[in-house]
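Novice: As a plain string of letters, each chain reads:
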Amino acid sequence: GAVVSQHPSWVICKSGTSVKIECRSLDFQATTMFWYRQFPKQSLMLMATSNEGSKATYEQGVEKDKFLINHASLTLSTLTVTSAHPEDSSFYICSVRGTEAFFGQGTRLTVV
Amino acid sequence: SQELEQSPQSLIVQEGKNLTINCTSSKTLYGLYWYKQKYGEGLIFLMMLQKGGEEKSHEKITAKLDEKKQQSSLHITASQPSHAGIYLCGADGGSNYKLTFGKGTLLTVNP
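Here the protein sequences come in this chain order: A and B. Mind the numbering: the first sequence is residues 210 to 321 in the numbering used here, read in order. Mind the numbering: the second sequence is residues 47 to 157 in the numbering used here, read in order.
Simulated from the structure, these hints should not be mistaken for laboratory data. A virtual CB, placed ideally from N, CA and C, is assigned to each residue, including glycine. Careful: at least some of the hints might be erroneous.
[Claimed, not checked] EDC-like, lysine to aspartate or glutamate: derived pairs with alpha carbons at most 16 Å apart:
1. B:K82 with A:E309
2. A:K250 with B:D112
3. A:K275 with A:E296
4. B:K149 with B:E49
5. B:K149 with B:E61
6. B:K97 with A:E309
7. B:K102 with A:E309
8. A:K264 with A:D274
9. B:K102 with B:E87
10. B:K73 with B:E101
11. B:K114 with B:E101
12. A:K275 with A:D297
[As the list claims (entries may be wrong)] Derived DEER-like restraints, expressed as beta-carbon distance ranges:
13. A:S282 with B:H104: 30 to 38 Å
14. A:T319 with B:H104: 28 to 36 Å
15. B:K73 with A:S282: 29 to 37 Å
16. A:C222 with B:Q117: 38 to 46 Å
17. A:F248 with B:N64: 26 to 34 Å
18. B:E105 with A:F248: 24 to 32 Å
19. B:E51 with A:H216: 42 to 50 Å
Extracted from the complex, chain A is given alone in its bound form (with noise of 0.2 Å):
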């Protein structure tokens, strides 16, 4: 099965500051990606599909210039959230689809 590296698996960021998400097919060429965002105690909930090449399809309540996202390999897709606000504190979590769905291990943001 495919393996996801996603980086980093925690970070902390001062309000306003941007942060980078990266997620990795190891051994998988993904045309598309899916980010997912989870908050305490809840479950995941799809932000985004990342398109290798093109852009990203946001889900209804989502704001893109808010999470940006970049496909530019079939291996790598990246989630930056800009301006960030302790709001956006979260667990974001990557995911790959091949036969079977396989997930990053997840990035916990905090944003103080």
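Given the coordinates of chain A, work out where chain B should sit on it, guided by the hints.
Specialist: Just chain B, lined up with the frame of chain A:
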């Protein structure tokens, strides 16, 4: 849009007891995934079911998908503390490859 309802929301059992977690979909499922998650960590893939009536087992965990493909159950036999965690069911959206998740079931297994 597809919605998944999981029950119970939380469950506390004594080690050695059997338990069942249910996942009900508002629409027919193309595929149903079960994952386990430790809070704040990634998802561990357990099983995927696609066919009506399908049943899969791995070690002490058995998952079933009903004939109508709208309900799935996850059964753990002789639970152990290592089974503790959050169990999530995810519905395959079909051609768009999106997964929609239930809210999860928090399982606690007391020694």
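Novice: That 38 to 46 Å hint for C222 of chain A and Q117 of chain B (C-beta), does it hold up?
Specialist: With Cβ atoms ~42 Å apart, the hint holds.
Novice: Indicate whether the distance between the beta carbons of E51 of chain B and H216 of chain A respects the range 42 to 50 Å.
Specialist: violated (34 Å)
Novice: Are K149 of chain B and E49 of chain B close enough, with their CA atoms no more than 16 Å apart?
Specialist: At roughly 10 Å apart (the allowed maximum being 16 Å), E49 of chain B and K149 of chain B satisfy the hint.
Novice: Is the straight-line distance between the alpha-carbon of K264 of chain A and that of D274 of chain A 16 Å or less?
Specialist: holds (12 Å)
Novice: Does E101 of chain B lie within 16 Å of K114 of chain B when you go C-alpha to C-alpha?
Specialist: The hint holds at about 14 Å.
Novice: That 28 to 36 Å hint for T319 of chain A and H104 of chain B (C-beta), does it hold up?
Specialist: holds (35 Å)
Novice: Would you check the hint for K275 of chain A and D297 of chain A, treating anything up to 16 Å between C-alpha atoms as holding?
Specialist: The hint holds at about 10 Å.
Novice: Please verify whether K82 of chain B and E309 of chain A have alpha carbons no more than 16 Å apart.
Specialist: Cα-Cα ~15 Å, so holds.
Novice: Just to be sure I understand the hint, the distance between the Cβ atoms of K73 of chain B and S282 of chain A should be within 29 to 37 Å; is that true here?
Specialist: holds (34 Å)
Novice: If you check the beta carbons of E105 of chain B and F248 of chain A, does the distance land in 24 to 32 Å?
Specialist: holds (31 Å)
Novice: Would the pair K275 of chain A and E296 of chain A pass a check requiring their Cα atoms to be no farther apart than 16 Å?
Specialist: Roughly 12 Å separates the two Cα atoms, so the pair holds.
Novice: Can the restraint linking K102 of chain B and E87 of chain B be considered satisfied, given a maximum Cα separation of 16 Å?
Specialist: violated (25 Å)
Of the numbered hints stated above, those contradicted by the structure are hints 2, 5, 9, 10, 19, listed in ascending order.
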